[in-house]
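Asker: Read off the chains here:
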Amino acid sequence: MNLRNTLTIRQKHILWAWGFLAIPVLFYVVIRFYPTGNAIVLSFQNWNLLSARTWAGADNYVKLWHDEVFWKVFKNTFVYLLLGTPFSLVISFLIAFHLDRVRFMHGFIRMMYFLPFMTSAVAMAWVWRWFYQPVPVGIFNNILATFGIPQINFLNSTTNALPAVLAPAIWAGLGFQVIIFMAGLRAIPTSYYEAARIDGVSGFTILTQITIPLLKPTIIFITVFSSIGFLRIFDHVFNMTTNNPGGPLNATKPLVLMIYDTAFNGFDMGYAAAQTVVLFTILLCVSLLQLYLLRDR
Amino acid sequence: MSKFKAFALGTAISAASFAATSAQAVEIEYWQYYFDARVTAMEQLIEGFEAANPDITVKMTHFPYADYRTKVAAAIPAGEGPDVVQLFYGWLNDYVEAELIQPLPADTFDPARIDAEFFPMVQAMKDGDHYWALPTAVRSLALFYNERLFEEAGIESPPTNLDELVEIAGQLTKRDGAGNITQVGITTGMNAQDHHWFREVLVRQMGGEPYTDDYQTVNYNSDAGQAAAAFYTGLEQEHGVTAAGFMDEPQAAFKAGMAGMHIDGSFRIGSLDKIRGLRWGVAELPAAMDGTQSNYSSYWVNAITSKAEGERYEASVKFMEYVTSDAAMQIWLDVVGELPAKPSVGMTEVNANHDVYGPFIRGLAYANTTIFANESAQRQVLMDMVQHVSIEDQPVNEALANAAKAEQVILDEYYAD
Numbered sequence: 007m008n009l010r011n012t013l014t015i016r017q018k019h020i021l022w023a024w025g026f027l028a029i030p031v032l033f034y035v036v037i038r039f040y041p042t043g044n045a046i047v048l049s050f051q052n053w054n055l056l057s058a059r060t061w062a063g064a065d066n067y068v069k070l071w072h073d074e075v076f077w078k079v080f081k082n083t084f085v086y087l088l089l090g091t092p093f094s095l096v097i098s099f100l101i102a103f104h105l106d107r108v109r110f111m112h113g114f115i116r117m118m119y120f121l122p123f124m125t126s127a128v129a130m131a132w133v134w135r136w137f138y139q140p141v142p143v144g145i146f147n148n149i150l151a152t153f154g155i156p157q158i159n160f161l162n163s164t165t166n167a168l169p170a171v172l173a174p175a176i177w178a179g180l181g182f183q184v185i186i187f188m189a190g191l192r193a194i195p196t197s198y199y200e201a202a203r204i205d206g207v208s209g210f211t212i213l214t215q216i217t218i219p220l221l222k223p224t225i226i227f228i229t230v231f232s233s234i235g236f237l238r239i240f241d242h243v244f245n246m247t248t249n250n251p252g253g254p255l256n257a258t259k260p261l262v263l264m265i266y267d268t269a270f271n272g273f274d275m276g277y278a279a280a281q282t283v284v285l286f287t288i289l290l291c292v293s294l295l296q297l298y299l300l301r302d303r
Numbered sequence: 022m023s024k025f026k027a028f029a030l031g032t033a034i035s036a037a038s039f040a041a042t043s044a045q046a047v048e049i050e051y052w053q054y055y056f057d058a059r060v061t062a063m064e065q066l067i068e069g070f071e072a073a074n075p076d077i078t079v080k081m082t083h084f085p086y087a088d089y090r091t092k093v094a095a096a097i098p099a100g101e102g103p104d105v106v107q108l109f110y111g112w113l114n115d116y117v118e119a120e121l122i123q124p125l126p127a128d129t130f131d132p133a134r135i136d137a138e139f140f141p142m143v144q145a146m147k148d149g150d151h152y153w154a155l156p157t158a159v160r161s162l163a164l165f166y167n168e169r170l171f172e173e174a175g176i177e178s179p180p181t182n183l184d185e186l187v188e189i190a191g192q193l194t195k196r197d198g199a200g201n202i203t204q205v206g207i208t209t210g211m212n213a214q215d216h217h218w219f220r221e222v223l224v225r226q227m228g229g230e231p232y233t234d235d236y237q238t239v240n241y242n243s244d245a246g247q248a249a250a251a252f253y254t255g256l257e258q259e260h261g262v263t264a265a266g267f268m269d270e271p272q273a274a275f276k277a278g279m280a281g282m283h284i285d286g287s288f289r290i291g292s293l294d295k296i297r298g299l300r301w302g303v304a305e306l307p308a309a310m311d312g313t314q315s316n317y318s319s320y321w322v323n324a325i326t327s328k329a330e331g332e333r334y335e336a337s338v339k340f341m342e343y344v345t346s347d348a349a350m351q352i353w354l355d356v357v358g359e360l361p362a363k364p365s366v367g368m369t370e371v372n373a374n375h376d377v378y379g380p381f382i383r384g385l386a387y388a389n390t391t392i393f394a395n396e397s398a399q400r401q402v403l404m405d406m407v408q409h410v411s412i413e414d415q416p417v418n419e420a421l422a423n424a425a426k427a428e429q430v431i432l433d434e435y436y437a438d
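Quick note, the sequences are listed as chains A and B, same order. Residue 7 is where the first sequence starts when you use our numbering, and the numbers rise one by one after that. Residue 22 is where the second sequence starts when you use our numbering, and the numbers rise one by one after that.
No wet-lab data here; the hints were simulated from the structure. There may be inaccurate statements among the hints.
For the chain B half of the interface with chain A, some residues (derived, Cβ under 7 angstroms), not all of them [as the list claims (entries may be wrong)]:
{"hint": "1", "residue": "D76"}
{"hint": "2", "residue": "A94"}
{"hint": "3", "residue": "V117"}
{"hint": "4", "residue": "A199"}
{"hint": "5", "residue": "N201"}
{"hint": "6", "residue": "G266"}
{"hint": "7", "residue": "E270"}
{"hint": "8", "residue": "S346"}
{"hint": "9", "residue": "D347"}
{"hint": "10", "residue": "S397"}
{"hint": "11", "residue": "M404"}
{"hint": "12", "residue": "Q408"}
{"hint": "13", "residue": "I412"}
{"hint": "14", "residue": "D414"}
DSS-like mimics (lysine-lysine), calculated; alpha carbons at most 25 angstroms apart, straight line [to be verified]:
{"hint": "15", "chain 1": "B", "residue 1": "K92", "chain 2": "B", "residue 2": "K80"}
{"hint": "16", "chain 1": "B", "residue 1": "K426", "chain 2": "B", "residue 2": "K147"}
{"hint": "17", "chain 1": "A", "residue 1": "K69", "chain 2": "B", "residue 2": "K426"}
{"hint": "18", "chain 1": "A", "residue 1": "K81", "chain 2": "A", "residue 2": "K69"}
{"hint": "19", "chain 1": "B", "residue 1": "K80", "chain 2": "B", "residue 2": "K339"}
{"hint": "20", "chain 1": "B", "residue 1": "K426", "chain 2": "A", "residue 2": "K78"}
Virtual Cβ for every residue (Gly too), placed ideally from N, Cα, C.
Generate the whole structure from the sequences, applying the supplied hints.
Answerer: Structure (structure tokens):
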């Protein structure tokens, strides 16, 4: 008679599981999936936040295709990715690999590497922004000037600005990647290394035949994670170039900054949504591609 | 439990008494973005208004600037939010089109009278036979100068024309042994106020008109525009009296005492006042060689929203009258440091000859107001123009022509809808 009594134990388990799952599922639907769907719809509309939305068809995408700034920004975004991910991966592996063998003040050194990751990106970006200034403010140029070397235009240059902005972003993410790599290194059973040593294998062979292959899941995780991070880079760029966001001449502008500018300075929400959909697609493709390339055979 | 009951009873009683008083009184809501001095000034105005109109209460709500537009846009169509709202003059078109605000009644706010009483740039708020909105206060540009550096260089008074500006800036510029600038004669940066200086001041002073067709057509790609662009970029390229981005931003260089002169708006006064050890003065913007003066003015306006109806509308009209009165403008000047929007308040002996406010107020008499479609995008065009010249060595005239084209695209897109 009672519904509870008619269910099997297994059905009850399932019911309970879904009961608990309902909260996160609802949460995701309301604050993730609904806005995502809404943004996709919005990308086919015109909306300035004030008046009613009107249908625009594919106008926003056509405009995007013909927008020179968009292609420049598109390129920048991939430069961030293609410079940032390999550099941070190699540097963090080297640090982790050697730090793993250091016993002297191990915890302190590890903390020093992790500290930038905990620091607010905004504060860090501003400090670096001042480091990069010409004399009399910037520390780098002051050092150069002391030795009579001509100043370097770090931020006010179309060629130097992007690497200059990227450097602190790489540095900031390093601590996290080092920790993950070290965890990966510790997870490799020492018996493999012992066996290799008994066989008289060289250190290089151990590295390439044992350590790196066994680190593969870690490498996949860090690659995907940091790729998404560099594709979404915003706070470092914005804070280091607030006088001319993404400048000079759009040399440092990533896609996210263009979206922000279109939406909240231009109030062209439809166009911004179209850019967002493009970014979403890129993120999806890059992540899937990486998972495919690094999959277990 | 008894505590809870007492609390519930108390709430009920206060709610009842509130309902009783509000039966006779009208409450209207006023919204502005959060800026300390503005909130203080508005509190004073509301106090004065409520004393004069005991049957009306005004509730002020303020938001961080970043959320302002979104909140207003969401609230008014829902019948919530403000009866009287503050908005930037450049947003008027958007607000009108979205039907968020209603025209000011012509019998109380007679356009002919407003034309006569307010500074002329306020007419940008007029549409045919009515005004949409009115400012309490306005802002303009002037030349800030560092008195200590002037004394050190033996310069007696600030420049009155553009030639003197270049000459004095030259005397104030310092370089180290390697030729790096360590002190600029005048700050520059299109990102700050210089894009206004270029558009509305330099172009006009060279005999041009920056826009035609009610600011819908870019017109600075002309001889006058070329002369203005050559003068502006020449400050760094030719005369070497400035460096764009020196000390990160112009106002920072001036605050640090590393810049002789600095063009900025009246809203900068408050933050300069707080810098210890900085002695500064203000002068009107340098005139052209033929004596032509020009200035740029911007302002925030108050408007009645489409939500206000019936007795709330009546109360809102009264409130609008009050905040655009002479007394309100004087309070706004004293508390916020923003300039009165009417000559009758601004041009009084005391205000027009005030050491600090005077040059700004006198500048209002010949100020123009750019009607922007998208201020940040239009500013970006001019920043890019200067950087094409300074970083990529593009000829000035070519960079100017490209800028005019790019800005026209922005305007066309905006006015197409």
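Asker: So which hints don't hold here, by number, going up?
Answerer: Those not satisfied are hints 1, 3, 8, 9, 14 and 16.
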